[in-house]
Amino acid sequence: MRNQQASQLLFELAAPGRRANLLPECDVPTGDLGQRYPAGALREQPPELPELSEGDVVRHFTNLSTLNMSVDTHFYPLGSCTMKYNPKRNERLASLPGIVDLHPLQPDSASQGILELLYEVQGYFAEISGLPSVSLQPAAGAHGELTALMAAAAYYRDRGEQRSKVLVPDSAHGTNPASASMVGFKSIMIRSRADGSVDMDALREHVDEQTAVFMITNPSTLGLFENQISEIADLVHQAGGLIYLDGANMNAILGIARPGDFGADMMHYNPHKTFSGPHGGGGPGAGPICVRDFLDPYLPVPRVAKGPEGFYLDSNHPQSIGRVRSFQGNIGVLVRAYCYIRAYGATGLKDVSRHAVLNANYLLAKLKHLLPVPMGDRCMHEFVASAQQLKKDRGITAMDLAKRLLDFGFHAPTVYFPLTVPEAIMIEPTETESKETMDAFVDAIESILEEPAEQLQTAPQSTMVTRPDEVKAARQPRMRWTASH
Amino acid sequence: MAYLFNTDEDVRQMLDTIGAASIDELFAAIPRSMQMAEPLAIPPAMSELELTQQVQALAGKNRGVTQDVCFLGGGAYDHFIPAVVDHLASRGEYYTSYTPYQPEVSQGNLQVMFEYETLICQLTGMDVSNASLYDGASATIEAVLLALASRPKCKRVVVPENLHPEYRQVLETYLQWTDFELTTVACPSGGVPLDAWQAELDETVGCVVLSQPNFFGVVEDLGPAAEAAKQHGAVVVAVADMISLGLLASPGQWGADIVVGEGQALGNPLQYGGPYLGIMACRSEFVRRMPGRIAGQTEDRHGNRCWVLTLQTREQHIRREKATSNICTNQGLFALRAAIYLALQGPQGMRETAEHCAWKAQYLMDRLTSHDRFELAFSGSSWREFAIRDKAGAVPELLHEARQHGLQAGLELGTWYPSLQDCVLIAVTEKRTRAELDRLADVFIHAPQAKELANA
Chain V
3 MRNQQASQLL
13 FELAAPGRRA
23 NLLPECDVPT
33 GDLGQRYPAG
43 ALREQPPELP
53 ELSEGDVVRH
63 FTNLSTLNMS
73 VDTHFYPLGS
83 CTMKYNPKRN
93 ERLASLPGIV
103 DLHPLQPDSA
113 SQGILELLYE
123 VQGYFAEISG
133 LPSVSLQPAA
143 GAHGELTALM
153 AAAAYYRDRG
163 EQRSKVLVPD
173 SAHGTNPASA
183 SMVGFKSIMI
193 RSRADGSVDM
203 DALREHVDEQ
213 TAVFMITNPS
223 TLGLFENQIS
233 EIADLVHQAG
243 GLIYLDGANM
253 NAILGIARPG
263 DFGADMMHYN
273 PHKTFSGPHG
283 GGGPGAGPIC
293 VRDFLDPYLP
303 VPRVAKGPEG
313 FYLDSNHPQS
323 IGRVRSFQGN
333 IGVLVRAYCY
343 IRAYGATGLK
353 DVSRHAVLNA
363 NYLLAKLKHL
373 LPVPMGDRCM
383 HEFVASAQQL
393 KKDRGITAMD
403 LAKRLLDFGF
413 HAPTVYFPLT
423 VPEAIMIEPT
433 ETESKETMDA
443 FVDAIESILE
453 EPAEQLQTAP
463 QSTMVTRPDE
473 VKAARQPRMR
483 WTASH
Chain P
143 MAYLFNTDED
153 VRQMLDTIGA
163 ASIDELFAAI
173 PRSMQMAEPL
183 AIPPAMSELE
193 LTQQVQALAG
203 KNRGVTQDVC
213 FLGGGAYDHF
223 IPAVVDHLAS
233 RGEYYTSYTP
243 YQPEVSQGNL
253 QVMFEYETLI
263 CQLTGMDVSN
273 ASLYDGASAT
283 IEAVLLALAS
293 RPKCKRVVVP
303 ENLHPEYRQV
313 LETYLQWTDF
323 ELTTVACPSG
333 GVPLDAWQAE
343 LDETVGCVVL
353 SQPNFFGVVE
363 DLGPAAEAAK
373 QHGAVVVAVA
383 DMISLGLLAS
393 PGQWGADIVV
403 GEGQALGNPL
413 QYGGPYLGIM
423 ACRSEFVRRM
433 PGRIAGQTED
443 RHGNRCWVLT
453 LQTREQHIRR
463 EKATSNICTN
473 QGLFALRAAI
483 YLALQGPQGM
493 RETAEHCAWK
503 AQYLMDRLTS
513 HDRFELAFSG
523 SSWREFAIRD
533 KAGAVPELLH
543 EARQHGLQAG
553 LELGTWYPSL
563 QDCVLIAVTE
573 KRTRAELDRL
583 ADVFIHAPQA
593 KELANA
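Protein chains in written order, with our numbering: chain V, 3 to 487; chain P, 143 to 598.
Calculated from the structure, these hints are not laboratory results.
Incorrect hints may appear among the rest.
Unchecked claim - Computed spacing ranges between beta-carbons, pair by pair:
hint: 1; chain 1: V; residue 1: Val473; chain 2: P; residue 2: Arg576; range: 14 to 22 Å
hint: 2; chain 1: V; residue 1: Glu472; chain 2: P; residue 2: Glu369; range: 24 to 32 Å
hint: 3; chain 1: P; residue 1: Gln395; chain 2: V; residue 2: Gly242; range: 52 to 60 Å
hint: 4; chain 1: P; residue 1: Ala291; chain 2: V; residue 2: Leu372; range: 26 to 34 Å
hint: 5; chain 1: V; residue 1: Ala241; chain 2: P; residue 2: Ala170; range: 27 to 35 Å
hint: 6; chain 1: P; residue 1: Ser164; chain 2: V; residue 2: Leu372; range: 23 to 31 Å
hint: 7; chain 1: V; residue 1: Ser317; chain 2: P; residue 2: Arg576; range: 35 to 43 Å
What the hints assert, rightly or not - Stretch-level coverage of chain V by chain P, calculated; a stretch enters the list once three of its residues show a Cβ under 8 Å from a Cβ in chain P:
hint: 8; region: 31–41
hint: 9; region: 318–330
hint: 10; region: 422–430
hint: 11; region: 465–473
Ideal placement from N, C-alpha and C gives every residue a C-beta, glycine not left out.
If we strip away everything but chain P, and leave its shape as in the complex, we get (with noise of 0.2 Å):
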């Protein structure tokens, strides 16, 4: 059998050595009655050969983005990943290893996480890291429930509608369970209004979320929002793209209190969406009710420099019902391999990385809006991502036509915004080339409007 030892002789010897007549016999603490009395329906064992031909089948059947030239975003993006990332996180002393719960033989795992417990910091301009949480959603609710916590007597919570529509619908499936109350703010012009946004605030608000960029990719000047929301003491959640902080002013310093954000862009692959990488980042004020694993520094007896996990008494292995959140991993894997990510890109690259999004995304914009179809759905400025709207309200058959020439040129912002209906947003990594970019316009440009295509 695939990955089994025993044989028979073994079998026979250890059988012996506890004192039973057959394997069967070890199972009898299980009544007969509720054994299966039939093999599981679930066809044969494969050779390695016959399931790496079966997969490769199936993979074969889909069309990635290897295939297909990407443009879709919304939460998840088409970065480059050093061959370092890959190689270095597929070293089976990081990814059969577990939970460092003997910290003398996982000093490494622990270092790992110290360290990228920093570059987030530095990456966020938060005071402290935890060792991650699942993907951005998550890490989103787990931020709101942590600030609601801070804040005992409010129960409201206020988002605006440019949140990530998935995020928004993660904190309803949570909250709904709870007293708490969720408001959405309307952004008819896509960025947080601010008359709106203030007319919902007041001291029953625990918590505040805003993204940098939002979710049609404007950068917005979030200040005067998050300041609004201090001034009735909420706390502000800041969901921020971490490719973004290349380039972008940390949120800390437009007034965010916790910062979390999807990580799968720092050398994650897509994998058709996870397992990806929650961040959470906090000033030092949350950190005794921050959910998740934390490392940190102490010495052994020796008083060597060594790291544990710690502040373990938010957790729920001790406090159980009272502990600040169920979880109790993290994304381990993940965070050694955006760690890893971060320190081949350092400060130069992780710039250059942000600036090349930022001027190709507008060499794109700008083609398209030199023709009269097209228009941005959005004013302000985009840095990665844009929502452009097509006048001739044809955006499946614009996506279909892409994809005739190997394009996923975007995703249909009807899709979660029914009144963007004829709006398609469109991500450009540092990935995407000039004649990427063009092939993307000219099938645009030239693409058969709706009415011409159901003439033809």
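Pulled out of the complex, with its shape left as it was, chain V reads as follows (with noise of 0.2 Å):
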């Protein structure tokens, strides 16, 4: 039933002298465009874009579309994603023409609701956190982590202090190191022990008066709770050092535990995982970060405040580390997390958490059965199962499996990641999971390892495409549709 046509590429769908948009007559006196600029500044042709009717326009995007499983169509276990429902009153309230028309540059004498409105979402993101001083300046969780590690770098550097390394767990996203080279620091990478949690021992031999910042994400990418975490802040502290949270999986720990009264100093959200997003096919997201008040003077600028006259942009902060982007940050995505935040209120949050970890505990109990866990018979709001005992016996791979439950109508889990668990599968199903889902997923997953090995190897069988050669993609690029193809 697909519509080959329709999704062939928009390049291939064009036909000279078609056309979508048409403009008004011009209502000025027009003229000779080519008299006006320096020579060679015009154009000689208009650029070579594809030629397309309205209709042929939506037939297409609406039917590509179709080739997508997302959140509103499928179960989307996506670990340390937390690919949650997405309510459709954020959508509505985030597109009211007071907020989405809003010149960035606009006095703040006629941006005083929005104004409002992001200063309240920063009290919340402080009094969530524990931490007291908030940017909604970064534009994505990774921008939070490179903001932070920035002003880190600058209160050591008010301070006369030559610090240049950042210690990483190796369970980390790859973000962490990657955001610290950017800030010139050096990454050390601390390995995990078996069960998941920081290897004190190897902490201790790095952590000294050359340490930075240690940057952990609890609960871990594992699921798990890094119980030692006050010890490991004693340890950075007593050094200098500042830790920074990695605030990935704060789906599990909301209204419960804060990371601010645990030892952190700093940390990033993800409002597009735990504030509900959307994840938008890979973005936008948003990375406000949240920091003790002694990091305060270096947030970047503008900030939101409130003065005697009302809201407004505050730039007077002259120890700050300047500006991470344009303008103010990306306010369409903290609206989203502001509706989402009022929708649950403070007992609401909780259960947010409360559920999100009960629903991961229940698929771990249903699913050990089947696939071994590694770390063990609880987790918070995601767990690692490992396919290389399934390798070893039967040569099913972690991917074998993933792509043989799109099959099934269920999106894979992460798989290969964390790297410290082999044949890694991270499995998150969110709060907003229903049992009865959930129950499916296990028998589909009980189904698929009692077939045979080559149905799992050919897997998916039912998609459009399956098993797309990414080395060919690499190896002989093409990147761009040209009219040679």
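Combine the two chains into a complex, taking the hints into account.
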């Protein structure tokens, strides 16, 4: 039932002379623009874009959308990504003309409502984190990491301290060490123990007067709460270092434990995960950060502030690291986060985490009989199973299992991450899935494991394409359409 | 609760299966001393109706481009967005999916990325585009870092003062932790002054950044400035306005190696500054170090044409501290919107949109400069945006007066350039009607001068 024709490339659907968008007649005098500009400033021909009718465009993109799995259509237990339900009311409210049609440089007097909303959401972020100072500017989680590391670097610079090292556990997201490098820090990998916790001996070996920041994801990418966190924080703080918390997994601890209370000095949120995003096919997200009071002066400008005459954008912070992007931040994402937090309220947010953890433990309890979960019987919001034994016994990899799940109408879990678990299968159901959905998922895995290995190794069979050749894509890169295709 | 599923009975059954007595027990790994004793200080839950009324009330306290006529620019522009863009981008299959880690069930998003990349190449005249970055300013610093990585011995970056001030601030923020040095060339007459520019160039310069049009809206002949940089081996980064490319020569034609820009104007709403769309395209020699996601064409097991994320060995999840950048997402939904917008516009639509901006800006410029009080701040031909000097030196009063007439008339250039306190930056998109242009001209021409105001 697929419409093959409409999902050809735009460029193949085009025909000279077709047109969708017609402008009104120009109501001011026109003339020869060629006279106005320096020689060579104008194009000789209009850009070589495809020519399409409006109907072509609508049918094309509508058909393409049906080739995606999404949260609206499928269970999407992609570990570490928190693929929860995206409330429709948030989309509507973030699209109100009084929100979406505001120019970033319009005067504060014309922006009191949006500034009030941002000021409020800033307060909620501070309250949930237990860290008082907030910057809404970073555009994504990785951008938040980078911004916070810059604030830490500025703090040390002001204190006249030369600290060169950022310590990162081996189970961390790749963005952690990549962000550290961009601020000129050397990142040192700290190995984890077999149970996924930080190896304190390894940490002690590396913590010294050169240590600027220890970056920790807690709960970890293995879905475990690092209960040595106080000891870790004491060790790092005694050496004069700071603790950065990667907030990727905040969905497990809303209203239950606060990073600021368990030793973190700075953190970012991923509102597209924790506060219902949405994920947008890969973005946009946002990466607001929260820090302790002594790091406040270094946060980027402008900041949202409240004064006697109302709310305003405040750039008067002479010790600030500066700006990390244009304008104020990914406001559309922050408006959705505001709506999400207000819809749940304080006790509701705590319930989000309680049910996220309940669902993950339920899935773990049912799945552990089918697939080993090396890190034990309990988890926070997600857990990591391993197909290592399956691979050894039957030649079935984590990827084979992931691909076969697609045939059963489930998005695959995250596979091969974290790097510390061989044949990792990382599963995060989120709180917005029913018991029935999780039961069906487990049933699917049970059925799949009874199938002949070949059935998995050639999966998926029901999708339009199967096992794209990634090596070919990298070796003979074709990253754009050309007429000679 | 708002979006939760589990009934009390579900919870009981699930706890039984887990073998736990309560949900609290599942949090045993968090030491008691670290668990919050009090609830969060956040207001109680709101129903959808209450929330809607609450956000509507906040929205009602703002005055945006639907209330006031918008002549504000400075890197974000009030262009028309066709209904098709909003309609298609609001499909859940797009906005509730994620990065295409499983290509078999993400062919829609991957094909859109591939089409977006092609459209951006067509518009910019470059060989390769990534699937987008955060915004124009962060794309600019990423381009600078990409350029510097290809010139390992060079430590200097040279930019003119007429590059967007916020983009220059972002360059400063990022470069202060590195060995790289940022040099800003003053532009007293608005354009890049060739002699002063050349004087800063030598073989230590790894990269230069030039914007077309410049921050003051003027279209410059940038060929000589680009050529001068290239003679010293420097990489030329162009900050291009995407709508202008319907009319202006592609940056590759005047010497750019890497093109970046703000993609907001391509079908994306202003929304108070973000999310926006960072565009980056380059000559093929830079692709192996280019930051961000890239979709590429390949074949599946049965030989069918399909798309995957490619050249991932550049990226942080594989290269970690040695990655070309820490970026791990693109602005997928906004790249989708840009692709739909460009598909609707086509070559003629892009050309005409850019032409209308030029003619309408010209009309307003002519009307204002016909009055003695106003003159153009800079010589040279503008396109959509221009800087006008109020000889009476009463810029805040002028803008205040315009607001009383429902006009957001422009930006005070003194915010960024102390020597331009008497200048306003005015942007005119294809949306502005002759009646609106006349209204602004009339208000400005008849506005009281500062002294009169003070005496009033």
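Exercise for the section: Find the hints from earlier in the document that the structure breaks and name them by number, from lowest to highest. Expected result: 1, 2, 4 and 10
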